[in-house]
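**Q** All chains should be built: construct the whole structure from the sequences, respecting the hints.
Chains as they are written, first to last, in the working numbering: chain U, 253 to 473; chain H, 41 to 98; chain W, 321 to 465; chain E, 3 to 244.
Keep in mind that the hints were calculated from the coordinates and are not lab data. There's no promise every hint is true.
Derived SDA-like pairs: lysine to any residue, alpha-carbon spacing no greater than 20 Å straight-line [said to hold, decoys possible]: (1) E:LYS117 - H:GLY55; (2) E:LYS175 - E:VAL110; (3) U:LYS301 - U:ALA289; (4) H:LYS81 - E:GLN232; (5) E:LYS175 - W:LEU346; (6) H:LYS81 - H:LEU63; (7) H:LYS81 - E:LYS197; (8) W:LYS366 - W:ALA451; (9) E:LYS197 - W:ALA451; (10) E:LYS117 - W:GLY409; (11) H:LYS81 - E:LEU221.
To spell it out: a stretch of chain U is covered by chain W in this simulated footprint if at least three of its residues, at any positions, have a beta carbon under 8 Å from a beta carbon of chain W; those stretches are [as the list claims (entries may be wrong)]: (12) 256-266; (13) 369-375.
Distance ranges between label pairs, derived from CB positions [as the list claims (entries may be wrong)]: (14) U:LEU334 - E:SER113: 50 to 58 Å; (15) E:PRO12 - U:ASP329: 37 to 45 Å; (16) W:GLU417 - U:MET298: 54 to 62 Å; (17) U:ARG409 - E:SER113: 25 to 33 Å; (18) U:VAL340 - H:GLU87: 51 to 59 Å; (19) H:GLY70 - U:ARG408: 24 to 32 Å; (20) W:LEU338 - E:VAL77: 18 to 26 Å; (21) W:ARG372 - U:PRO339: 37 to 45 Å; (22) W:HIS369 - U:LEU256: 12 to 20 Å; (23) W:PHE349 - U:MET298: 30 to 38 Å; (24) E:VAL28 - U:SER325: 55 to 63 Å; (25) U:LEU264 - W:HIS325: 23 to 31 Å.
Glycine included, every Cβ here is placed at the ideal spot set by N, Cα and C.
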Amino acid sequence: MKGLMAIFRRELRLAMRQSTDSAMVVAFFIIAVVLFAFGVGPEPNMLAKIGPGVIWVAALLAAMLSMDRLFQSDHDDGTLELLVLAPVALELTVCVKILVHWLTTGLPLIIAAPLLFVMMNVPTEIWPVMLYTLLLGTPVLSLIGSVGAALVLGARRGGVLLSLLVLPLLIPVLIFAVGAGDAVLFGQGAKANLLLLGGMFLASLALAPWATAQALREAVA
Amino acid sequence: MTDTYSILSMTEHAGYVWPCYALAAVLLIGLVVSSLNGLRKTRIELEQAEKNIVRTPQ
Amino acid sequence: MKRKHKRLTFVIIALLLLGGAAALVLSAFEENIVFFMSPTDVAADKVPHDRRFRLGGLVEEGSVDRSAGKTVTFRITDLSNSVNVSYTGILPDLFREGQGVVSEGKMVGNLFVADEVLAKHDENYMPPEVADALKKSGQWKGNAK
Amino acid sequence: MKMLHQFANPTRFLRLSTRVEPWALVVTVVCFALGLYYALFSSPVDYQQGHTVRIMYIHVPAAWMALFCYTAMAVSAAVALIWKHALADVAAKSTAPIGAVFTLLALVTGSLWGKPMWGTWWVWDARLTSMLVLFFLYLGYMALRDAFDDPARGARASSILVIVGFVNVPIIKFSVDWWNTLHQPSSVFRMGGPKIHPDMLVPLLLMAAAFQFYYFWLLLVRMRRELMAQRLRALRHRQAEH
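**A** Here's what the structure looks like:
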């Protein structure tokens, strides 16, 4: 437990020291959405219609952008070998790293999201649901992304490859998150979609740290 | 059951059915050709490499 | 020994999480996520008025009217309620009376104005002679005409 | 297990494979000839779909094989990771391009079938979407495998990816039962027997057998090539050391 706390503090300290990284992710998120607004023109109804989808796609890409540095620096300077050999189970270490990644990228995205709801003219009645989907969905991005990030360690063109591997697996998250907003506008309630997102979160929480740890062991072997 | 003409023409759906079979042929035969090509190339390279090993004394 | 215990704990936690995930997903299916709405939903006023949605059901027997040029009107039914639909454009080949369809469009008053009609087909495959024979002998169970 | 080990010996495999290959090829060609004859000429049209039912004889076996290849890949990858069987890894690598081709074929023929029948080339429903994800998984596997300078590292990383991606397979299989979608439920592998007329089931099964043997034959060819390539790499490595 003490070892875990030490890792947590180290990760958080490192993330804080590189807080420009988090800021850049949020900036990318906002700029990507704004680009869409320029791309389709400022017609409010049109923006409202595509708003939830655009915001989610931008969040997905922004999370991907920050993903490849999750294990890269540890891999480069040899820390990763220490973590693999450490008495703390690698699966737990991975969980801590994912948690910190989410705190430094997922959470800022959620905080920035209401600003984008205003800019994209998203109907106020789906704001809470959209926030719930982001709250349930962004941890899934971090979890599944970590598997990809561990797999591409040491690969050529790791960043692009990471997107190719991970984005298809994230399609269901995108579909049900955006579907939740539509379901509310339909008057059906978003319960089913949110339950599915919750199921995806639990399933990826069960499987992703294990797969990531295996991939990390292979990477330093 | 149906005369050959109507089968070959597939009535109004020929434009959908024939491309399916054509695509299947192209993809499946293409994969065979590329696999056999790869096999042939690798075999030639391997034979060459084995000859070189024999020629170079230890 | 300690290592083994640790591993066992992990496996149990993972199984609990997976069980939770399965429970959530299964209860989500009970909520019935729909690819389309039914005419009963329309009758119960459960559909939005100013937004596009999908309406699914069977094409009611004898309701297809092609008299108005390119615009076709028909009724979609789920055998308890039905909705009037109008559509302008090319219908898919499987579109016929008694056949399942999914159409996308908006409600305009009591009329569903579709801008897309998709035909849904069932998992039965048979030659036309067999279908005729089945219908003649009264063993026909499908809904298609 | 002992038999598996014997089979896993590459020299023994090569000997066995060269003996089996011609037969597999003959069976493939015969099945294709019969299957195509039935599928294109001798089978009746469907009472609803007319001639487009003939697309089924390509589409359905291709979709089956897409799932079969992925499952075979995942099993081989697991065996390669756990028991370090070199041959299992070779099998997984050799299966990937074949599976990708089958998936692409299923997607495109499905689209060509959907246009006249449903009235659309593509809908974003569960079956079609999960099939597209399967295609990307195949591509991702091949890309990841090629992205490392050390082939052994690429082999292990991509094996993990295949196993992780396996969650998609049950989703594809059951998507038509779980969601009320445009895609019709299974006609053949269902409770209560196939709901498809024998005259159409025969060409379908013949084509399925043809696809299956085609895969088997091509797998042997590709595995043989891969084993040669491995030997070539080892030889060059040794030469460089001298």
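**Q** Confirm or reject each hint.
**A** Going down the list of hints, with the structure as the test:
1. Pair hint LYS117 of chain E plus GLY55 of chain H holds up; C-alpha atoms about 11 Å apart against a cutoff of 20 Å.
2. Distance restraint check for LYS175 of chain E and VAL110 of chain E: the Cα-Cα separation of roughly 18 Å lies within the 20 Å cut-off, and the hinted pair is therefore satisfied.
3. A distance of roughly 12 Å separates the Cα atoms of LYS301 of chain U and ALA289 of chain U; the hinted pair therefore holds under the 20 Å criterion.
4. For the suggested pair LYS81 of chain H and GLN232 of chain E, the alpha carbons sit about 14 Å apart, so the restraint of at most 20 Å is met.
5. At most 20 Å may separate the alpha-carbon atoms for a hinted pair to count; LYS175 of chain E and LEU346 of chain W meet this at roughly 16 Å.
6. About 27 Å separates the Cα atoms of LYS81 of chain H and LEU63 of chain H, which puts this hinted pair outside 20 Å; it is violated.
7. Only pairs whose Cα atoms come within 20 Å are accepted, and LYS81 of chain H paired with LYS197 of chain E is rejected, the gap being roughly 48 Å.
8. Distance restraint check for LYS366 of chain W and ALA451 of chain W: the Cα-Cα separation of roughly 38 Å exceeds the 20 Å cut-off, and the hinted pair is therefore not satisfied.
9. With a C-alpha separation of about 13 Å, the suggested pairing of LYS197 of chain E with ALA451 of chain W holds against the 20 Å cut-off.
10. Of the supplied pair hints, the one linking LYS117 of chain E and GLY409 of chain W holds, its CA atoms being roughly 14 Å apart against a limit of 20 Å.
11. With a C-alpha separation of about 17 Å, the suggested pair LYS81 of chain H and LEU221 of chain E falls inside the 20 Å cut-off, and the hint holds.
12. For the region 256-266 of chain U, the assignment as covered by chain W is violated, since 0 residues bring a beta-carbon within under 8 Å of that chain's beta-carbons and 3 are needed.
13. Taking a C-beta to C-beta cut-off of 8 Å, the region 369-375 of chain U contributes 0 residues in contact with chain W, too few for the three needed, and the coverage statement is violated.
14. At roughly 51 Å, the beta carbons of LEU334 of chain U and SER113 of chain E sit within the given window of 50 to 58 Å.
15. About 39 Å separates the C-beta atoms of PRO12 of chain E and ASP329 of chain U, a value consistent with the hinted range of 37 to 45 Å.
16. Our hint of 54 to 62 Å for GLU417 of chain W and MET298 of chain U is violated, since their Cβ atoms are close to 38 Å apart.
17. Between ARG409 of chain U and SER113 of chain E the CB atoms are about 31 Å apart, so this pair conforms to the stated range of 25 to 33 Å.
18. Take VAL340 of chain U and GLU87 of chain H: their Cβ atoms lie about 53 Å apart, and the range 51 to 59 Å holds.
19. Checked against the hint of 24 to 32 Å, the pair GLY70 of chain H and ARG408 of chain U passes, with Cβ atoms roughly 27 Å apart.
20. In this structure, LEU338 of chain W and VAL77 of chain E meet the distance hint of 18 to 26 Å, their C-beta atoms being roughly 21 Å apart.
21. Distance hint for ARG372 of chain W and PRO339 of chain U: a CB-CB separation of about 58 Å, inconsistent with the stated range 37 to 45 Å.
22. Between HIS369 of chain W and LEU256 of chain U the beta carbon distance is about 54 Å. The supplied range of 12 to 20 Å is therefore violated.
23. Against the hinted window of 30 to 38 Å, the Cβ-Cβ separation of PHE349 of chain W and MET298 of chain U comes to about 33 Å, which satisfies the hint.
24. Range check, VAL28 of chain E to SER325 of chain U: Cβ separation about 57 Å, and the 55 to 63 Å hint holds.
25. Range check, LEU264 of chain U to HIS325 of chain W: Cβ separation about 29 Å, and the 23 to 31 Å hint holds.
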